[in-house]
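Participant: The primary structure of each chain is shown beneath.
Number of protein chains: 2
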Amino acid sequence: MSHEGTPDEQAIRDAKIRERLDLIDRKIIVMSGKGGVGKTTVTVNLANALVDAGKTVGILDTDLHGPNVAKMLGCESGALQSADGNNFLPVKVRDGLYVVSLSFALNSSSDPVIWRGPMKIAVIKQFLGDVEWGHLDYLLIDSPPGTGDEQLTAMQAIPEMTGSIIVTTPQDVAVLDARKSVNFSRKMQVACLGVIENMSGLICPDCGKEIPIFGKGGGKKMCDEMDVPYLGSVPLEMHLREFEDAGVSTLEKTPDSASTKALQAIALFLDTRLQISTSFNDFKDTSSCSPTACASCSSNCSSRNN
Amino acid sequence: MSHEGTPDEQAIRDAKIRERLDLIDRKIIVMSGKGGVGKTTVTVNLANALVDAGKTVGILDTDLHGPNVAKMLGCESGALQSADGNNFLPVKVRDGLYVVSLSFALNSSSDPVIWRGPMKIAVIKQFLGDVEWGHLDYLLIDSPPGTGDEQLTAMQAIPEMTGSIIVTTPQDVAVLDARKSVNFSRKMQVACLGVIENMSGLICPDCGKEIPIFGKGGGKKMCDEMDVPYLGSVPLEMHLREFEDAGVSTLEKTPDSASTKALQAIALFLDTRLQISTSFNDFKDTSSCSPTACASCSSNCSSRNN
Numbered sequence: 000m001s002h003e004g005t006p007d008e009q010a011i012r013d014a015k016i017r018e019r020l021d022l023i024d025r026k027i028i029v030m031s032g033k034g035g036v037g038k039t040t041v042t043v044n045l046a047n048a049l050v051d052a053g054k055t056v057g058i059l060d061t062d063l064h065g066p067n068v069a070k071m072l073g074c075e076s077g078a079l080q081s082a083d084g085n086n087f088l089p090v091k092v093r094d095g096l097y098v099v100s101l102s103f104a105l106n107s108s109s110d111p112v113i114w115r116g117p118m119k120i121a122v123i124k125q126f127l128g129d130v131e132w133g134h135l136d137y138l139l140i141d142s143p144p145g146t147g148d149e150q151l152t153a154m155q156a157i158p159e160m161t162g163s164i165i166v167t168t169p170q171d172v173a174v175l176d177a178r179k180s181v182n183f184s185r186k187m188q189v190a191c192l193g194v195i196e197n198m199s200g201l202i203c204p205d206c207g208k209e210i211p212i213f214g215k216g217g218g219k220k221m222c223d224e225m226d227v228p229y230l231g232s233v234p235l236e237m238h239l240r241e242f243e244d245a246g247v248s249t250l251e252k253t254p255d256s257a258s259t260k261a262l263q264a265i266a267l268f269l270d271t272r273l274q275i276s277t278s279f280n281d282f283k284d285t286s287s288c289s290p291t292a293c294a295s296c297s298s299n300c301s302s303r304n305n
Numbered sequence: 000m001s002h003e004g005t006p007d008e009q010a011i012r013d014a015k016i017r018e019r020l021d022l023i024d025r026k027i028i029v030m031s032g033k034g035g036v037g038k039t040t041v042t043v044n045l046a047n048a049l050v051d052a053g054k055t056v057g058i059l060d061t062d063l064h065g066p067n068v069a070k071m072l073g074c075e076s077g078a079l080q081s082a083d084g085n086n087f088l089p090v091k092v093r094d095g096l097y098v099v100s101l102s103f104a105l106n107s108s109s110d111p112v113i114w115r116g117p118m119k120i121a122v123i124k125q126f127l128g129d130v131e132w133g134h135l136d137y138l139l140i141d142s143p144p145g146t147g148d149e150q151l152t153a154m155q156a157i158p159e160m161t162g163s164i165i166v167t168t169p170q171d172v173a174v175l176d177a178r179k180s181v182n183f184s185r186k187m188q189v190a191c192l193g194v195i196e197n198m199s200g201l202i203c204p205d206c207g208k209e210i211p212i213f214g215k216g217g218g219k220k221m222c223d224e225m226d227v228p229y230l231g232s233v234p235l236e237m238h239l240r241e242f243e244d245a246g247v248s249t250l251e252k253t254p255d256s257a258s259t260k261a262l263q264a265i266a267l268f269l270d271t272r273l274q275i276s277t278s279f280n281d282f283k284d285t286s287s288c289s290p291t292a293c294a295s296c297s298s299n300c301s302s303r304n305n
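Chains as they are written, first to last, in numbering that gives the first Met the number 0: chain A, 0 to 305; chain B, 0 to 305.
Pulled out of the complex, with its shape left as it was, chain A reads as follows (with noise of 0.2 Å):
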């Protein structure tokens, strides 16, 4: 109970929490079953097209044992100032991205974050009611993969959370872990906006040949059984991995790239998609919304914007 404090005070948070949330359109939680999906990289290249189509996005990285939204973003060196002692503000990647993340709290990268549950649960609604992030289009908000503390806070403590996106490989043990996290969003009353299979085969730099390294498909065929929208799938390409280390922007930088097209594909799609649909229940039945021409050609994804 210390952490969440008494029940006045968790009235008093709540509703600065609500307050907060209040100035932003579209707060939308990006999860996984299986860690190692990749949906840091979903979430920040999602964040960059939304931002170079000219939205205003927030990005809360809510994975505290292993923030690395910052590294990604090459902002590891932000600190979260405060005007007045009691509230943060975020972090300006560049003219309309933003991020808040436990890295810039840390001493040092190299510091485990050795919490429990419930002194997590307190540092996630901190964020959510401490940071002055003003008028945004989209918080996309970062978990760490399962459906345990840090997924269970922000769904439960976001007022009218917008929806999930649900990242998977396409291998049998990473969509088997994607369904639950499906299932969780429909037991928590959240939307599943779609699911997205990343690390969806690999051209080889010398051959060109596509190496299927995680299989192929696997995502789709669950949308389909599960009844979900397929979003598309990512390409799995040696400079999104070398960028990502080196915090660089893969969309900036291989503007023409398989993935670059796919992840501005699927932004574009969703930002289209949320503006038409103003009820949640219709996104969620809307089935004909799955881009699913994509499922076996990852390099033409964008076609579907066209």
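Keep in mind that the hints were calculated from the coordinates and are not lab data.
In silico EDC-like cross-links for lysine to aspartate or glutamate, where the CA-CA straight-line distance does not exceed 16 Å:
#: 1; chain 1: B; residue 1: K186; chain 2: A; residue 2: D110
#: 2; chain 1: A; residue 1: K208; chain 2: B; residue 2: E209
#: 3; chain 1: B; residue 1: K15; chain 2: B; residue 2: E159
Small disclaimer: the values here were computed from a predicted structure and weren't measured.
Take the given structure of chain A and dock chain B to it, following the hints.
Facilitator: Just chain B now, kept in the frame of chain A:
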């Protein structure tokens, strides 16, 4: 407190855990900072390699949100049997290999386990106290990524933990998180037995050239900097994923592959080293045991055991 029980109940449970684990010679936790680096792949293959070498091995799957050990071992249909209604027998995979996982207790593989920390702590302690492993040479504890409830509970509840194995990919963001795991292990005063660099290069099945898809050498570099043993690198091979998804042993199916040889070599090295070293501190401090010859060459990893 309801999950923890009264102080008397806690003392009884702790005594029961100690009694069970006293029958197990070596207890090793397999950890990573980042998800998806192949902890479970490493765990099941090290286990199989140790069993092939005549050892009796148990695997405790503490990844409650994404328990994939049973699927990778092809024993998902197993069930935890109880002789007396209070204690459980592990599921036998083959002679000498036993598994306990929450997946055996789930109604459906798509069901999300929506649990906060205290519930997870209670289940892991139940696994430790109520499973009749009998005598084992090794208990390998597979864990989810990070340094939260699951890892803390295992570290604190298991008396005389032999040590930790940290799995990483060569990618910067994975190595960054692996550093946290090494420091976590040190803070918990559990010897770090070493680091394994997984997904260390991919051989193109078409042209045979090596593709450093997640980079190369990041794990070795970190070991040098942090003064922890480097256990070797395991290349990413197509068949690894395929056999995992099918629940088949890759060691048995591809005895001559580079990944099989690397995993077997690491298992034998660990086993030999732990037989020589009776003191964990001795192991921790003996940097000469680190098979540095393997840093640039995954294909002849096994040479260090000759």
